[in-house]
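S.K.: Residue numbers (the numbering used here), protein chains in the order written: chain A, 6 to 312; chain B, 2 to 306; chain C, 311 to 684.
Since the hints were derived computationally from the structure, they do not count as laboratory data. Do not take every clue at face value.
[Unchecked claim] On the chain A side, residues computed to face chain C include the following (Cβ under 7 Å): (1) Leu86; (2) Trp123; (3) Phe130; (4) Ser136; (5) Phe137; (6) Asn138; (7) Pro139; (8) Val140; (9) Ser157; (10) Thr223; (11) Ala226.
Idealized CB from N, CA, C, for every residue including glycine.
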Amino acid sequence: MEPEMSQNAASAGPESQEPGGGAILSVRNLSVEYKTGQRPNDPAHRAVRDVSFDLYPGESIALIGESGCGKTTLGLAILRLLPKLGSIPAGEVLYRRRDGTTVDVLRMNPDELRRFRWSECSMVFQGAMNSFNPVLRIWEQMYETIRAHDRSVSKRQAYERSAQVLEDVELDPARVLKSYPHELSGGMRQRVLIAMSMLLNPQVLILDEPTTALDILTQRAIVDLIHDLHERLDFAMIFVSHDLAVAAELATRVATMYDGEIVEMGDVRDIFYRPQHPYTKSLINAVPTVAEKSSVLSGPAGSESDG
Amino acid sequence: MTQILDPSATEFKAPPPPDEPRVGVFRTVLRALMRSRTGFVGFLVLLFIVLVCLIGPFFTPDNVPTDVSKQFAPPSLAHPLGFDNEGRDVLMQVINGGRPVLFVGFMAALISTVIAVVFGALAAYLGGRVDSLIVTVTDIVLTVPGIILLAVLAAFYRVGSSWALAVILGVLGWPGLLRAVRAQVFSLKEREYVEAARLLDLGTTRIVIREILPNMASFILMNFVIGMTNAIYNLAGLYLLGLAPMEGDNWGIMINFAWTRGAIFYQSSFFWIMGPVLAICILQLALVTMSRSFEEILNPRLRHN
Amino acid sequence: MAATDRGHGAPVTAQHESPGERSERPAVLRFAASGTTRYVVGRILKAFFTIYVVATATFFLLRLLPGNPVEVYINQQIAQYGMSYQDAANQAAGLFSFNPDEPLPVQYLNYLAGMARGDFGESLLSPGSSVLSQIGAYLPWTLFSVGTALVVSFLLGIGLGMAMAYRRGSVFDHVMTFFASVTHSVPNFLLAMMIIVFFGVQLELLPIGEMRGSYSPGVTPEFSIAFVTDVLYHASLPMFVYVLTTLGGWMLVMKSSTIETLGEDYVTVARARGLTDRRIQFQYVGRNAMLPLFTSFVLSLGFVVGGSILVEQVTQYQGIGFLLFEAVNRRDYPVLQGILLIVTTSVIVANLAADLLYSRIDPRVRITGNGGRS
């Protein structure tokens, strides 16, 4: 299978130091690899190969693909949160700030990076089960996040802001702020994480499998919540998911990833109704619906069960 | 109603029995040593010590001769560690003196390991009243620090022989291990293969021996080695205090004599004291490195790669 | 680790208050917190029970072993001083706080009553001085030397352990691990011996003759700089040995705990949130990595009193271990009884403290009436 960019894409502009035409985030030829062994000569596994795409203000891009295709790694790489074994041998991540200046995230020094994280671009991680420090209350974790970026904010203001974002995710601030993480349910923790990600008004929000590890009712609620927030507030969203249904609901554009590369990218309707790349086609077809009779799923011949 | 897909599959076969515990242990030891260089070195050192202490005495006189003219004589090629206050060759004494230490340490560790494993597994597996009883007794014994209890016991009851010493040390060492075994068995109890065995009604002892214990082989081994280091520590301590049977020629006795009759007074008694002291320290070091290599198997994140 | 009995789950009510303050539960809900009090009371009772068992065991040990020491003492008094049996028995009664003629159960009750009063009898070695005062003269020295060493060793150990985890695989890590293994396996009293023999006798660097004892003879105990310095001087060798031999253990355990904590999700999220490395190191990694060590630390405080006998013997430091050894040698049974009891009590108290305190530092183990999870 020759993975190539199909022409469904509104692709990134030519090689330039600016994010193409009004894009907030431009990923250019990004590659990520993981070391497989101890010694320097050991082969590295390329988890992301030469990926490029643009993210425009207000839009939401879904990265879909099967497990292990590199979508989570891509998300982590944008914020440079790869584990020790990971490295970025090539590429650029161009970000356009609110004041119009452009900067390459991959070339930032540690201090700039620290300030960039969360305030410009934040991330909601897969399974918020363990995303909070168990020994600190939610309030403390909100407050320290704010303080880490702006020491001039007073406690009062920080409290108001924290309460605000918690209300945005339909939680009771008074109760949640004084709780410890383990005192909240899984669904609540996911909401708190989403709230926290909005705390500093980032321009870009990356969500990694926001609904996996949740029960189906909570999934529904979270998807609605994300949709709602995206409508109301002003941020661009990249979300990683293997759940095509979620992608269909939340995305304006979809990118399919296979083996570290983006094989097709386009408007959400185009991808779902007129997929061109063979891999995308098989992904879409693999989703069983109640209406169709998919041949892969039938049981032994002549054994239609009545139960 | 669901359909049976393969009628011949209704005959249930018992799962094949796991490896005999002995093989499991042996394989575990090999695995541990192959993976950890320091563990391997420790093992070699231990092997060396054991060989010297077991075989060496065949080459040295049972009663190292005294020679007053050689009192505290300095070391020479023929006598690398010099002589003690009675003119006896220190090196020979060191070679002779390892066997009792190894023996008592090993037996004591064995006794406490057996008690701990048997009762710990029973307590965890049977639960309920049996568990509560065993735990209470363990807690009580655990509360008194070993060396103190040993000292007090020794005051009341003169320890007669090496065996008695081993028994006393062993009987004091089990509480710590029992707790650990109990915790491990608790967690293993919930695993699927034990559930399966239980459903097949294989019987308590059999389940414990065949399903649970082999999986704890490296854990038990690690604790056995630790038990041995504790026993040797207590052993040396008792000898130093003069509370153990002062016959024979072991390292503990050497330390006692050297300390009370020479080391802090005469510079020339340096090797007399350092010989047995270093011997014990090296033995402990070897045992500890080995136990840590077993620990690395249990907790793979500890490994350096 | 404390197994929490969650008792009756009482929902946390939403209340309006400023952040970070503990909730004031209305009286109704305080009742529901009986889960906590029941647990605490239960543990305290269990502690008392254990002390009681040990006291009883000591009592019977004393009386049921071959060569009843009381009888021995009586016979000794008769032989040595030509006392009558009655006089000797009376003296024994005073010393051992019991009356040999009384039936065993009564003796037992008197013994318990005496203990409750704090009367442990008198020392055989120094007639006239109570066991309690003897212990009181020696115990503080041990508490000081071992206690300080333990705290220093713990703090140093967790610091180094964390550093080792952060620099995993580096030369520093390898060297430190080796160092930790070596010092951890050497028996502490042998280390003391080696130091004394090598530096004191061979190289004559340490004035070991002077360093014996808890403080120099002729110096009066008082809170003066001179005295404190003197005490530190004398305690330096035992303290050094304790620190060195226990440091390795803390280092290695903290290293593995830190490694595990570093792999936790919340550390990655903390980095994503743009928190400073410093903050992450302390509040996120350090605090969480330290939790499992905390219990061990408190427990080892309990063993402070017991573990010192050998080192004190070698360094001639007059602490409780020293007293114990003397008592053992001279069969001073009342003192032995008393020491055993004190030691056991300190371990039990430490156990209790460890259980109860742990819930203070790890909010997940809070024994509250809170059943918040759904």
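S.K.: All hints are to be evaluated individually against the structure, with a verdict given for each.
M.R.: Results for each hint:
A distance limit of 7 Å between C-beta atoms decides the matter here; for Leu86/A the minimum to chain C is near 6 Å, and the interface restraint holds. Interface hint status for Trp123/A: upheld, as the beta-carbon distance to the closest one in chain C is roughly 4 Å, under 7 Å. With a least beta-carbon distance of about 6 Å to chain C, the hint placing Phe130/A at the interface is held under the 7 Å criterion. Using the Cβ-Cβ criterion of 7 Å, the hint placing Ser136/A at the interface with chain C is satisfied: the shortest such distance is roughly 5 Å.
Look at Phe137/A: its Cβ gets to within about 6 Å of chain C, closer than 7 Å, so that hint holds up. A cut of 7 Å between beta carbons decides the hint on Asn138/A: the least distance to chain C is about 5 Å, and the hint holds. Proximity of Pro139/A to chain C holds as hinted, the smallest CB-CB distance being about 6 Å (cut-off 7 Å). Evaluation of the Val140/A hint against chain C yields a held restraint, the C-beta minimum of about 5 Å falling below 7 Å.
The interface hint given for Ser157/A is broken, as the beta carbon of that residue sits about 16 Å from the closest beta carbon of chain C, more than 7 Å. Hint status for Thr223/A: violated, given a least beta-carbon distance of 10 Å to chain C, over 7 Å. Below 7 Å, beta-carbon pairs count as interface contacts, and Ala226/A has none with chain C, the closest being about 13 Å; its hint is therefore violated.
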